[in-house]
Structures are given as structure tokens and as C-alpha cells.
Amino acid sequence: GAGVSQSPSNKVTEKGKDVELRCDPISGHTALYWYRQSLGQGLEFLIYFQGNSAPDKSGLPSDRFSAERTGGSVSTLTIQRTQQEDSAVYLCASSLAVLWETQYFGPGTRLLVL
Amino acid sequence: GQQLNQSPQSMFIQEGEDVSMNCTSSSIFNTWLWYKQDPGEGPVLLIALYKAGELTSNGRLTAQFGITRKDSFLNISASIPSDVGIYFCAGPPAKETSGSRLTFGEGTQLTVNP
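The listed protein sequences correspond, in order, to chains A and B.
Going by our numbering, the first sequence opens with residue 2, and the numbers climb by one from there.
Going by our numbering, the second sequence opens with residue 3, and the numbers climb by one from there.
Just to be clear, a hint being listed does not mean it is correct.
[Stated by the list, open to error] Computed cross-link-like contacts, DMTMM-like style, restricted to lysine to aspartate or glutamate with a CA-CA straight-line distance of at most 25 angstroms:
1) A:LYS58 x B:GLU108
2) A:LYS16 x A:GLU45
3) A:LYS12 x A:GLU69
4) B:LYS53 x B:ASP73
5) A:LYS18 x A:GLU45
6) A:LYS12 x B:ASP40
7) B:LYS72 x A:GLU45
8) A:LYS58 x A:GLU69
9) A:LYS16 x A:GLU86
10) A:LYS16 x A:ASP64
11) A:LYS58 x A:ASP19
12) A:LYS12 x B:GLU43
Source of the hints: derived by calculation from the structure; they are not laboratory data.
All of these numbers come straight from a predicted model, not from anything done at the bench.
Extracted from the complex, chain A is given alone in its bound form (with noise of 0.2 angstroms):
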């Protein structure tokens, strides 16, 4: 398609499991992000990855979570050690470097941790 896509789009697990969540950006679109909203929230920023640059993971909450972005296009969020508090919907957007301000958002990933 062409836009942003998530996967899944819905995730429940137990607490003290690991979740794998996947983000396929637009096409031709360097910069990928990922945010977290919870109910009833905004958005909040969790990390940033730009080309070859080193990500910006200013924003991860704990070191319970990480991303990488493999061959500069799909990336994944993994969740390690899941707790109820993890519970959020999960954006990831893309955008062109240097309209880095215009950023289009995938579906998101619906994560329930009970």
C-alpha cells in the first residue's frame, strides 16, 4: 500500500512476556518514528531513526524497550518484560528528511498486557 503500515494491529499478552511490534514506512520516506499513546492522551515520543544516523532514543520510557530499523526501511519495536503500564496504542509514523516536520502515521498497534 502507500502508506504507513503496522502489525499487528492488535496485541494482547501477559505481563512478563516480550512483544514484537513491525512498521513498514512509506516508501522512499528516510525517517521513522515510533510513539505511544495511551487512553485518552496525546502522543508521546518514544525514538526516531534518520538514514544511517544513530537513532534518537531519547524518548524510550526504560530500558525494557528498544527498536531498530533494519536495511533503512521495516522496523520493530520490541517490549521485553511487559508490564500492565505498557498498555498503549503504538503509532509509528515515516516522513522525507527534509520535511521531517510532515509526518504520516501508520494505524497503530493496540497493545493490552493484562
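Position chain B relative to chain A; hints supplied.
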């Protein structure tokens, strides 16, 4: 981190009415963005503002970048049922050294009664 104060938190209006919502910050912003989020979807960019004092329209939507660079408003004229959703303001604060993260307001939930 930086905070964007968005108001009102929610609005209930009749179809055909005009709507106004705003966003303020204690910090200067170089860009103001307005997004709309439909249920189960990621935010979609509505309007981008790049210059203080700028007034930009997109159909029935009009947004302005405040002269002080610390506020912005979004107006929707002649509302229709499909305007229902959550509206977010966002932007990269001028002092943001990471260069890429967006700060989001907490959103305005709009309900339009037919």
C-alpha cells in the same frame, strides 16, 4: 519535556455549527501542525503552519500561527458528522535539540450531533 496545552478537552456541537479550538505553549514553536485522529486510526495531518502570523485554510478548516509563536488555533466552519474525531495540535519546539520529535497536545474530542 515540553508541554502543549490544548483546549477545550471536548466539544459537543450541532451539525452546521462552527468550532474553534486552540493550543498554547510556554515555549516558542517554529512550526505548528494540526492533526485529526479517527477511531482506530493514526493521526492525519490537516494543516501545517510555518510562519508566525500565518493563516492557512484547507476547505472548511482554518488555522493560524500565533504572532508570539506560542499559540495556534484551528477553526472548523459549518461542521458535519464526519468531523467527529480527536484533533491534536503538535509541533517541534524551537529549542528542541533532537530536531525531530513532535510534541503533541492532549487533544480535543469533537462530537457532532446530526
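Right, here's what the structure says about each hint:
{"no.": "1", "hint": "A:LYS58 x B:GLU108", "in the structure": "22 angstroms, holds"}
{"no.": "2", "hint": "A:LYS16 x A:GLU45", "in the structure": "22 angstroms, holds"}
{"no.": "3", "hint": "A:LYS12 x A:GLU69", "in the structure": "19 angstroms, holds"}
{"no.": "4", "hint": "B:LYS53 x B:ASP73", "in the structure": "12 angstroms, holds"}
{"no.": "5", "hint": "A:LYS18 x A:GLU45", "in the structure": "23 angstroms, holds"}
{"no.": "6", "hint": "A:LYS12 x B:ASP40", "in the structure": "20 angstroms, holds"}
{"no.": "7", "hint": "B:LYS72 x A:GLU45", "in the structure": "20 angstroms, holds"}
{"no.": "8", "hint": "A:LYS58 x A:GLU69", "in the structure": "11 angstroms, holds"}
{"no.": "9", "hint": "A:LYS16 x A:GLU86", "in the structure": "10 angstroms, holds"}
{"no.": "10", "hint": "A:LYS16 x A:ASP64", "in the structure": "16 angstroms, holds"}
{"no.": "11", "hint": "A:LYS58 x A:ASP19", "in the structure": "19 angstroms, holds"}
{"no.": "12", "hint": "A:LYS12 x B:GLU43", "in the structure": "16 angstroms, holds"}
Going through the hint list in order, the structure satisfies each hint without exception.
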